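Engineer: Read off the chains here:
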Amino acid sequence: MSQQTYKAQVYVTLRPSVLDPAGTAVASGLQQLGYTGVEDVRIGKYIQLTLTTDSEEKAREQVHQMCDQLLANPVIEDYSFDLEQLATIVGG
Amino acid sequence: MKFGVVVFPGSNCDRDVAYVTADILGQPTRLVWHQETEITDLDVIVIPGGFSYGDYLRCGAIAQFSPIMKAVKEHATKGKFVLGICNGFQVLTEVGLLDGALIRNRDLHFICDRVFLRVENSQLTWTNNYQEKSVITLPIAHGEGRYFADADTLKSLEDHGQILFRYCNFKGEITEESNPNGSLKNIAGITNKKGNVLGMMPHPERASDDVLGASDGLKLFQGLLKGTIAV
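Here the protein sequences come in this chain order: B and R.
Be aware that the first sequence starts at 1, since it is given in the numbering used here, and climbs by one per residue.
Be aware that the second sequence starts at 1001, since it is given in the numbering used here, and climbs by one per residue.
Dumping the calculated DSBU-like pairs for lysine-lysine here, alpha-carbon to alpha-carbon at most 35 Å: (1) R:Lys-1155 / R:Lys-1078; (2) R:Lys-1070 / B:Lys-7; (3) R:Lys-1193 / B:Lys-45; (4) B:Lys-58 / R:Lys-1070; (5) R:Lys-1155 / B:Lys-45.
Just so you know, the hints here were simulated from the structure itself, not pulled from any lab data.
Because the structure is a prediction, the values reported are computed rather than measured.
Kindly produce the complete structure, drawing on both the sequences and the hints.
Structural biologist: Next up, the structure:
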């Protein structure tokens, strides 16, 4: 069965209803720099991981599970991710 | 009453708790390494403050999968006492034993201070040594202690008397100025519905010995000695 390696890029952000003090501080910093058009800044987390599975579907399912279990806390955070195929390993 | 204090890689208030339960209260106490799975001998399990697993990802997020936590969940399900202090509170929310989450302080600072707290419910074993609505002083030391939960959860906590401590001023008034970290509804400590699981950001173990100049926390531990089970 062939195995594929994927790179997952996971983005975790605070849910819109949660106050983001770091984002607010950065927004005011940008405004002080003269970027007065900046209305809102939200700061999140970027997590990059590689994983090997036998299908893209499985990779997707696993990354969803990882996000639900550990990478994001659904009480305060939302997540999204991109998946990119890196290599195909053909083996017995 | 036998106490156990969980030790994660990064726990740093474990010995302070054990000092209170073993040396001040004179109760049998053992430190429980996070890889242990057997705690049926214990009556009270304490998850102390510190930085479990370096607090990488989110405070308490990685600790929730330590082997000991399965046993802690069973312990809680049986109605036995679980106390989470500071990082321990964060772990208990991550693991789902308590509602809500703890997020970055409103002003982004790490706060190390003494604060006033109002005892909101003295009907539970944890607080039966305090007068209802009495104002106590406990130390806090945290960077992510802002309590957050959605509106329905907050209402449910309120309706079921699960909010045990609120940040207040010296007169016991719940004001915005007396809220050190921006916690919703000034919440400093909550229990589960049954009342046997308590999570709180302030450190009662750091205010349990007169030598330290503050002993308002001791009553919480003494309350446990009177209680058999919370429910």
